[in-house]
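Number of protein chains: 2
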Amino acid sequence: MKKTHSNLLPRLEEHFRDRRFFKVRQKILVACSGGPDSVALFHLLRALITKYDWKLGLVHFNHQLRPSDAKKDERFVKALARKFKAPFYCGTGSVKHEAKRTKTSIEEAARKMRYDFFLQTAQAKKFQAIALAHTRDDQAETVLMRVLQGTGLRGLQGIREKFRTGRVTWVRPLLVFTKKELLQYLTEQKIFYRFDKSNDSSRFIRNRIRLELIPQLQRDFNPRVVEALSRIPAIVAGESALIEELEEKAWKKTFKKRRGKNVELRRSVFLKSPPALQFRIVEKALKMLNKQSGLSFEAWERIRQGLVRHRYRSSLPKDIDFALTPKNVTIFMKQEVHNQI
Amino acid sequence: MKKTHSNLLPRLEEHFRDRRFFKVRQKILVACSGGPDSVALFHLLRALITKYDWKLGLVHFNHQLRPSDAKKDERFVKALARKFKAPFYCGTGSVKHEAKRTKTSIEEAARKMRYDFFLQTAQAKKFQAIALAHTRDDQAETVLMRVLQGTGLRGLQGIREKFRTGRVTWVRPLLVFTKKELLQYLTEQKIFYRFDKSNDSSRFIRNRIRLELIPQLQRDFNPRVVEALSRIPAIVAGESALIEELEEKAWKKTFKKRRGKNVELRRSVFLKSPPALQFRIVEKALKMLNKQSGLSFEAWERIRQGLVRHRYRSSLPKDIDFALTPKNVTIFMKQEVHNQI
Chain X
5 MKKTHSNLLP RLEEHFRDRR FFKVRQKILV ACSGGPDSVA LFHLLRALIT
55 KYDWKLGLVH FNHQLRPSDA KKDERFVKAL ARKFKAPFYC GTGSVKHEAK
105 RTKTSIEEAA RKMRYDFFLQ TAQAKKFQAI ALAHTRDDQA ETVLMRVLQG
155 TGLRGLQGIR EKFRTGRVTW VRPLLVFTKK ELLQYLTEQK IFYRFDKSND
205 SSRFIRNRIR LELIPQLQRD FNPRVVEALS RIPAIVAGES ALIEELEEKA
255 WKKTFKKRRG KNVELRRSVF LKSPPALQFR IVEKALKMLN KQSGLSFEAW
305 ERIRQGLVRH RYRSSLPKDI DFALTPKNVT IFMKQEVHNQ I
Chain Z
5 MKKTHSNLLP RLEEHFRDRR FFKVRQKILV ACSGGPDSVA LFHLLRALIT
55 KYDWKLGLVH FNHQLRPSDA KKDERFVKAL ARKFKAPFYC GTGSVKHEAK
105 RTKTSIEEAA RKMRYDFFLQ TAQAKKFQAI ALAHTRDDQA ETVLMRVLQG
155 TGLRGLQGIR EKFRTGRVTW VRPLLVFTKK ELLQYLTEQK IFYRFDKSND
205 SSRFIRNRIR LELIPQLQRD FNPRVVEALS RIPAIVAGES ALIEELEEKA
255 WKKTFKKRRG KNVELRRSVF LKSPPALQFR IVEKALKMLN KQSGLSFEAW
305 ERIRQGLVRH RYRSSLPKDI DFALTPKNVT IFMKQEVHNQ I
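Chains X and Z supply the protein sequences, listed in that same order. Under my numbering, the first residue of the first sequence is numbered 5, with each subsequent residue one higher. Under my numbering, the first residue of the second sequence is numbered 5, with each subsequent residue one higher.
Just so you know, not all the hints are guaranteed correct.
Copies of the same chain look alike in the list, so a pair counts if it works inside one copy or between any two.
Stated by the list, open to error - Below 20 angstroms or equal to it, Euclidean Cα-Cα: the simulated SDA-like pairs (lysine to any residue) are:
1) 166 <-> 305
2) 276 <-> 241
3) 166 <-> 20
4) 260 <-> 215
5) 166 <-> 278
6) 276 <-> 22
7) 276 <-> 242
8) 253 <-> 105
9) 183 <-> 327
10) 288 <-> 246
11) 257 <-> 246
12) 166 <-> 309
13) 194 <-> 260
Since the hints were made in silico from the structure, they are not lab data.
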């Protein structure tokens with residue numbers, strides 16, 4: 005390992021200890037696109053490998069979006085794995101196809117396919133952790149995007165640092181480092197990486213936020229805007245955790261039963277809850293009936309205004325209805341309306 | 005009253021009932037600059053005056069910033085009051101002087117002097133409510149400004165709709181209406197108002213946000229960005245209220261005593277609290293010693309990292325120190341350091 009001028013590695017190590025990202029002797033699967041962030045992540049983890057006795061693997065997903073580049077990216081990551089004797093796993097699939105099938109955006113479909121493959125690989129090959137290379141810049145962009153589209157506390161949590169899916173922990177150890185710091189590290193260490201072509205177009209909102217809006221905000225409003233934005237999730241995370249605890253308790257007291265396309269809640273307990281918890285209870289019931297359903301603030305405001313009455317009905321997204329009856333609050337799929345009331 | 009094409013008045017009335025802004029037979033003091041928003045507010049309230057039996061007064065503050073214009077604004081509001089037989093109260097003071105004396109910005113000093121005068125007038129003349137004319141646009145600008153500077157849950161609450169100072173309630177009944185809607189109402193009703201000159205320069209960050217950034221975000225990112233931004237405080241308000249309840253309980257359990265320049269907290273209770281509440285407890289103790297003191301997230305992160313130790317000291321803003329001792333957590337003014345530890 006070459007002598008480094010930036011102090012990225014010691015800072016990273018201290019940050020790892022503070023957040024307890026990984027345990028000693030863990031098998032860590034590093035998601036790698038071949039771009040600078042994920043290549044830096046692999047090298048940084050590798051620099052700590054003997055000290056913590058980790059086993060590293062590399063996982064890559066070929067989205068087939070820019071065929072010739074995609075193949076080169078894949079080969080680059082494969083060569084990286086071979087050089088450092090790390091196992092290499094590569095998945096692929098037609099994102100365009102999947103986007104059409106699921107009626108989602110290319111970006112959304114790509115994300116879903118990629119993450120599904122990462123998780124399957126981790127489970128099949130017994131990796132306990134998946135490391136993702138998101139940076140402080142990604143965090144700032146996410147927060148700004150959510151703010152511009154309108155969001156609540158949950159959206160302001162931004163990209164999460166750590167979460168679990170079954171036995172696998174997803175970790176983003178680089179969220180407090182900027183892309184610039186990573187690039188500096190790569191340059192100092194003379195490490196090669198691939199340029200991420202998809203970032204070079206202003207096609208997606210996120211890219212326009214990255215390439216146009218953030219530089220402009222830095223210039224005209226606050227040179228430290230990336231830090232300001234990326235700090236919001238850190239501040240909000242603790243407060244959000246408290247609310248989630250309250251939500252869980254309130255849900256246990258309010259939930260009565262689920263019967264097919266129908267969730268029943270205790271009316272009196274529901275009406276006594278503070279509005280912010282009522283919102284979350286309705287949202288949770290909605291998600292039980294349709295995972296893709298979300299409660300907009302406007303829909304909730306409409307419902308809230310009817311809560312003063314004895315009997316009351318209101319429409320929610322995804323053909324779900326909300327009904328206040330003398331004993332219950334019922335959230336149900338619309339086709340069953342006539343049997344219910 | 006002329007027939008109106010926009011439905012502003014019925015919407016306003018419904019909104020008033022929903023939020024319970026004012027009571028029947030209340031004396032309401034309308035803060036009026038002479039600009040479109042506050043002139044519209046006065047006329048809208050006046051349209052409901054017989055129905056709710058309110059008494060309206062007009063209050064104006066002359067900042068002496070643009071002498072000739074300021075005098076014209078004052079005369080305009082005075083004439084408005086005379087025309088509708090409303091009592092008129094006018095205050096003045098040198099904002100430049102006050103800004104220098106208190107080492108704050110012109111904007112900050114103007115706000116403080118103006119609001120102090122409104123409150124004193126309400127108290128002296130026995131008004132129960134002060135009505136302020138902030139719009140949805142003001143709310144959006146505030147949220148965006150806070151986000152760009154970095155903020156937590158409290159900053160995201162934006163401009164509050166209603167709060168109390170002693171016996172006086174401050175109300176902003178127009179926060180859900182856009183400036184455009186108010187202008188349309190003024191045009192339809194053929195109501196005159198003064199142009200607010202201070203908004204025409206790009207001198208202040210807020211004005212640049214209003215005149216440059218928001219129009220650009222509407223054009224390039226989200227045509228409904230004002231709505232998106234102004235919705236955040238409404239969503240966050242409920243969740244923030246819940247946290248404040250928890251904070252109050254936690255404070256009661258943690259606070260031990262205050263002695264001069266020194267606030268003592270129970271160490272074990274403090275350490276057992278969730279981090280988000282620890283943050284708020286320290287912030288509250290800080291404010292007891294110096295009202296102007298605030299806890300930055302960076303300062304708090306430094307403190308938090310030391311909490312694992314038995315004894316520990318850290319510096320906070322405004323020459324205040326934080327100390328962890330075997331039995332207490334003490335927040336104290338620095339000059340007393342040597343007597344304390």
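Now the hints, each set against the structure:
1. For the identical chains of this complex, residue 166 and residue 305 are inter-copy neighbours only, at 18 angstroms across copies versus 33 angstroms inside a copy, given an alpha-carbon limit of 20 angstroms.
2. With identical chains, the CA atoms of residue 276 and residue 241 are at most 20 angstroms apart between copies only, with a shortest distance of 18 angstroms across copies and 26 angstroms within one.
3. Taking CA atoms no more than 20 angstroms apart as the test, residue 166 paired with residue 20 passes inside one copy only; the shortest distance there is 12 angstroms, against 44 angstroms between copies.
4. Proximity of residue 260 and residue 215 under a CA criterion of 20 angstroms is satisfied in neither setting, with 50 angstroms inside one chain copy and 52 angstroms between copies.
5. Taking the shortest alpha-carbon separations for residue 166 and residue 278, only the inter-copy value of 18 angstroms comes in at or below 20 angstroms, while the best intra-copy value is 29 angstroms.
6. For a Cα distance limit of 20 angstroms, the shortest separation of residue 276 from residue 22 across copies, 18 angstroms, qualifies, whereas the shortest one inside one copy, 40 angstroms, does not.
7. In this assembly of identical chains, residue 276 and residue 242 lie within 20 angstroms of each other by CA distance solely across copies; the values are 14 angstroms between and 25 angstroms within a copy.
8. For a Cα distance limit of 20 angstroms, the shortest separation of residue 253 from residue 105 qualifies neither inside one copy, at 38 angstroms, nor across copies, at 51 angstroms.
9. In this homomeric assembly, residue 183 and residue 327 never come within 20 angstroms of each other (Cα to Cα): the closest approach is 49 angstroms inside a single copy and 36 angstroms across copies.
10. In this assembly of identical chains, the alpha carbons of residue 288 and residue 246 lie at most 20 angstroms apart whether taken from the same copy (17 angstroms) or from different copies (18 angstroms).
11. Taking the shortest alpha-carbon separations for residue 257 and residue 246, both the intra-copy value of 17 angstroms and the inter-copy value of 17 angstroms come in at or below 20 angstroms.
12. Taking the closest pair of Cα atoms, residue 166 and residue 309 come within 20 angstroms of each other only across two copies (19 angstroms); inside a single copy the shortest separation is 38 angstroms, beyond that limit.
13. Taking identical chains as interchangeable, the C-alpha atoms of residue 194 and residue 260 are never at most 20 angstroms apart, the minima being 61 angstroms within one chain and 57 angstroms between chains.
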